[in-house]
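Between the sequences and the hints, there should be enough to build the whole structure, so can you do that?
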Amino acid sequence: MSRIGVFTCHCGENIGATVDCAKVAERTRNVPGVVHSVDYKYMCSDPGQSMIKEAIKEHGLTGVVVAACSPRMHEPTFRNAVEEAGLNPYLCEMANLREHCSWVHEKNDATTDKAADLIRVMVEKVKHNTPLHPIRVPVTKRALVLGGGIAGIQAALDIANAGHKVVLVEKSPSIGGHMSQLSETFPTLDCSQCILTPRMVEAARHPNITLMTYAELEKLEGFIGNFKATIRRKARQVDEKLCTGCGLCITKCPNKKIPDEFNEGLGKRSAIYVPFPQAVPNKPVIDKTNCTFYKSGKCKVCEKMCPTGAIRFDQQDELVTLDVGAIVLATGFKVMRTDKFPEYGYGKYADVIDGLQFERLASASGPTLGVMKRPSDGKEPETVVFVACSGSRDRAKGVPYCSKICCMYTAKHAMLYKHKMHHGKAYVFYMDIRSGGKDYDEFVRRAIEEDDVKYIRGRVSRIYEEDGQLIVKGADTLMGGEPVEIKADMVVLATAVQAQDGSEELAQKLHVSYDPYHFFAESHPKLKPVETNTAGIYLAGACQAPRDIPETVAQASGAAAKVAALFSRDELTREPVVAVVNRLPAPTFSYCVGCFLCQSACPYQAIEAEEIRGRDGTLIKTLAKVNAGLCQGCGTCVSTCRTKAIDIQGFSNEQIFAELMTL
Amino acid sequence: MADNFFLPQASLDTLFAALTGDGRRILAPTDRDGRTELNPVTSPGDVAKDYLQTILSAKEAAFPKVERLMSFSTGAGSVDLKDAEPSAVPTVLFGIRPCEASGFKALDAVFNWDTRDRFFNARMEALAVIGIGCTRKDDACFCTSVGGGPGSTSGSDILLTPVEGGFLAEVLTEKGKAMAALAPEAFKADPGLEKKVVEVPVAFDQPGLTKRLKDRFEDGIWVEQSLRCVGCGACAFVCPTCVCFDIVEEADAKGGHRLRTWDSCGGHMFTLHASGHNPRETQAQRWRQRVYHKFSYYPERYDMLGCVGCGKCTRACPVDMNLQEHLAEAAQA
Amino acid sequence: MTEPFEPKITAFVCNWCTYAGADLTGTSRIKYQSNVRVLRLPCTGRIDFMLLAKAFARGSDGVIVSGCHPNDCHYTSGNYHARRRWMIYRDLMDFMGIDTRRVTFSWVSAAEGARWAELVNEVTTSVRELGPYTEYKELALTGVE
Amino acid sequence: MDLREKSRQLLENGDVKAVIGYERGTMGARRPAFIRKAERADRLVFDEACAQNLATYLTRPEVRKLGRVAVAARPDTLRAILQLMAERQVKEENVLALAGDGTVELGTAQAIEEHLATCAKELPARDREILDRLSRMDRAQRWAFWQAELSRCVKCYACRNSCPMCYCGHCTMDCNRPQWVPVASHALGNLEYHMVRAMHLAGRCVECGDCGRACPVGIPIHLLTFNCEESVHLQFGQRAGASSKLDYALSTFRPDDKESFIR
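Line by line, the protein sequences are chains A, B, C and D.
The opening position of the first sequence corresponds to residue 115 in my numbering, with each subsequent residue numbered one higher.
The opening position of the second sequence corresponds to residue 8 in my numbering, with each subsequent residue numbered one higher.
The opening position of the third sequence corresponds to residue 20 in my numbering, with each subsequent residue numbered one higher.
The opening position of the fourth sequence corresponds to residue 17 in my numbering, with each subsequent residue numbered one higher.
Worth flagging that the hints you see were computed from the coordinates, not collected in a lab.
A hint or two may mislead.
[Unchecked claim] Simulated restraints, written as ranges between beta carbons of each label pair:
| # | chain 1 | residue 1 | chain 2 | residue 2 | range |
| --- | --- | --- | --- | --- | --- |
| 1 | D | Asp31 | B | Gln292 | 53 to 61 Å |
| 2 | D | Arg155 | B | Glu201 | 50 to 58 Å |
| 3 | D | Asp148 | B | Gln292 | 42 to 50 Å |
| 4 | D | Lys261 | A | Gly492 | 56 to 64 Å |
| 5 | C | Gly78 | D | Arg155 | 53 to 61 Å |
| 6 | B | Ala281 | D | Arg142 | 40 to 48 Å |
| 7 | D | Asp148 | B | Lys56 | 27 to 35 Å |
| 8 | A | Ala675 | C | Gly78 | 49 to 57 Å |
As the structure is a prediction and not an experimental result, all values here were calculated from the model.
Note that CB positions come from ideal geometry on N, CA and C, so glycine has one too.
See the structure below:
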């Protein structure tokens, strides 16, 4: 038999002024199952909580209803109090007399009636409450970081420095990411590689970090604290342990005419290569599609030349399985290529380049060694037009969002150009200048005011070639839409930042959600910016949305802090508000029929199959089973289940039904 | 000994008016939306014209599909109980077939076996039956195999048998006389009418079946026969003699009722124990129970059959579990 | 003089958006009619269609079902599942002749305190005009002898 | 070659343990027949009068125990088989569908899917007539129509037990903690029962109409599930029984699902 105690709070005047609390307490006393009902000025105060604790002991209460404010406010307070008195905290419920009654209704009998009703509802619920216990899951204290750009490197270093093991997986042969391609960085114009490469080396050397370059995630199973990741280590055809990185193979490789990815196609590389001189690890890979041996079956020059015998033509991809407790997603972005712009020549004009290509042109380690030479003929461009918002904020291009970094890097590009060619002319077409950030607007002003970059507010409608020059046609909207035509030697398009290729597939592998543009979705836009909706998987950098370097690094450290916090405990405790599949004695075992319709409804992949076998091992029944580590307690499965075999603790069918039956 | 009369077709109006005038409700087969079903009527014109039988049986007049047994309400620290009173409206069942009329005896056997059921008895007391003998039959009919017949007077207070221009009326009981007395002008002297009903051939040897069942309990025949049975309760719910019921409570936080509803031994939950054990776990066991209950346990316990051969179950069954055919098979060696 | 009819309104809301939104209505001291009784569930995905039917069976004259706007579900997709369920259930109710004017589905976010008050007032007023849902309330007694 | 001959062969060769087909029953009816011995295959008939969806039997414990069985399959039977596969109730290797005139062997889900692509689906004229009548009614009239029809229901569960998709051992109707739907067949119990049945079949109903056919009191209950299935199809484009891969409309969604009533 239930012995319920009900504690009605006046909340000072907040409830008491509108609801006749004494009358409510009196009426509640007559509800079957209620053995104790009192009202008090402030239930959440120490004396108030003491009243509850004493009543639990004195009256042997089996359930408590606190009729006060919103459970979203004080449920933890009262559940704690109840627990301190030796009652399971989940035997305490709150009736919301303040936010849902006294504050929103006039003082009259109907309001008092409603207050009594709200209590009655919770009394009936609490009669059906059962003691619940926090769910504990162990934590594997090793993190997996996917993506070896600055975001991944930063996250890996922070986690490693917190004392935890990290596996850093990068799909290309070297870590470094887009940042390693940049020449200088805004707003300080410090050399990108100068600040990045020490971090790369630190990551490679860190005793807690295992680097896996030229590797990709194949499969992910499990849940927070207990993931099982399968990594595909692509065959480099080079034994990393034997290779000393001497580079002899690269020098001797006969095929040196391959467009160089690192230089954005502006330079050439050999078939066996390291992406760039400061690559980490500084070990080459063989590009099998271009290697003469793989194409014709003859060559093997590198193998002959290698002093340590590290070349392995028979090396195969390798699958490695790792147990990890947390994952940081730092897979970065890509930029839209110039061939997506019919109005700017479909990428067929060699001197219409994108921002990353300009970075390589401006870089001291780039194909021109930092000398301004245009790609088509190597001529120094006297006039350069920079087009901001190329593709961004353009629904027709499928990119309605702002790419965020282009305003700043366009200013930087114009400035770098002017610094290298003082007599040259730099024009920037822009829609708006978005330079929010520390020292950012000052930086743009400097470009305009000190470096004499001409900013024209308007869009470029067309670019075409004429007599070895590019005719840039646009309009100046600040001059009333007056047509502008500039004869340029080179055009730099600040093309849109887009989600990395394969983001959708990766998101599906990881069961994280993504936005319509395939950027990974954060759990909450304000309060959970580095969490995903899958517990234990965090976000860093531009895989979530366009970001600049400082933001990326900050977010990476944020994600690392989340991982470190997770790893600070040996096991996780979670609210037991999770779904459960009922289990019964043989021969029924469960009402579950194993149709698994709940499985496809679950947003968290928390439903697994469980086989019931007889003593002789024969399969009797296959049931759904909830992985309490993954379940977040939404209850969508409950509404899908026809046999009512699956139910959710804390909001069970019996509880909700009982509530409904009192109305 | 029955008193026989001639009841001209036209006099039915007079009879109906007299019965209604006496405060009685008349339930008769009607034709509604293409279905023959029992409904309250006020004039003979409301009665279905050319019917074999109703889909559901007449048992609902005494044993309704849902009836309230008691009510309760919860108050301040107390529970108030209140017995329900059966709404025993004086009722005349008009035009049901002799097979169904005789079915009430099988119900009575259970409802007055050890405890006298207040609800059933109140309704039976208020009930009078004017049956009509059969001039038609179909392949599901087998009344003659179970001791009945298309002109059987068992269970009727007045039995009408169609004759040229009206009916031969056999006034059989005190209740029948009382009804006839309400409209004496309707009942003419019997000119020596011939009682002519349809012929229903005997399909199997029932005493032989009952005897045979004694040693057939573990026979594979029940599995074979029941393979196609889907385990619904259609047979039991249309049956004039099936008497199984469930007692349920419908309540909310403030109170509720206790109800009695029809149930069926064919359902898999019927014998399911709270432990999960089910003594009649397979459909074959449940099918066997249905046959044994009617043809073995009823004769043992009440010295009568639990079947009147109306064939409603055969007509209602979605998979044509033809009772007569199965019984004939079971009666064989 | 008869008392004016006061409808009974039952609301099923999700914990994260509409319940929080209704909390905000309170915090903002926006007044609304007191006919509504709110039942809190974790997510609209948890709101079984049978709960709506049971609310009417229990004598509700109107029902509100509310949760997070599309894209805002705390559990990412519970509200999308709920929306589909309601799309089908509402069609079925209409086909069976149940008065769909008495069920209001809505999205009310945790920020929309004023909207919650507005919704409750609108529903209460319109259901008051429709009158008691007598034909549904009579069902439990129809067919019992 | 006909179904009898085909069945005889299958049983003689041991390809299947039983053939579930139809035989002649009372008053010209066709009824299910379980043939386990080749010599009994002569009882089988397979013609237009064979209406029942035999897929219902595939989930019965007695049939599951048999192993591989052949089923005389009309197009709706095939749809039900696919849907049962999608819901993990029937294993591909345990069922051989005999389609067309009863001699077309469909032994895999893919074969069934391909065969179904050639079968048209049409609403019977009588159903069309009732639906048209209902569509001309206003809400109150529809309420009156269904109340009159459902008042005839005695909850014998012939509809449920005949339905190939109602294989749940423990039906919502059997739940008593809480008692979701009243056991009694009063107006509320009947309305809720049929509402639950229709909703639980929405997105799963293969529209064979067996529930309506089974109803002893002739309630056109199949129209309730048809209505749900049609509203699933119109709004989400999905159809139950189209594939052996699960694509259940009520456990999937599109963020841009369109409705007009949510405020």
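Checked hints:
In this structure, Asp31(D) and Gln292(B) break the distance hint of 53 to 61 Å, their C-beta atoms being roughly 31 Å apart. Restraint check, Arg155(D) to Glu201(B): a C-beta distance of roughly 57 Å satisfies the suggested window 50 to 58 Å. For the pair Asp148(D) and Gln292(B), the supplied restraint of 42 to 50 Å holds, since their beta-carbon distance comes to about 46 Å. In this structure the hint that Lys261(D) and Gly492(A) lie 56 to 64 Å apart at CB holds, the actual value being about 57 Å.
Separation of Gly78(C) from Arg155(D) is about 20 Å and departs from the stated range, judged on CB atoms against 53 to 61 Å. Against the hinted window of 40 to 48 Å, the Cβ-Cβ separation of Ala281(B) and Arg142(D) comes to about 44 Å, which satisfies the hint. Between Asp148(D) and Lys56(B) the CB atoms are about 28 Å apart, so this pair conforms to the stated range of 27 to 35 Å. For Ala675(A) and Gly78(C), the hinted distance range of 49 to 57 Å is satisfied, since their beta carbons lie about 53 Å from each other.
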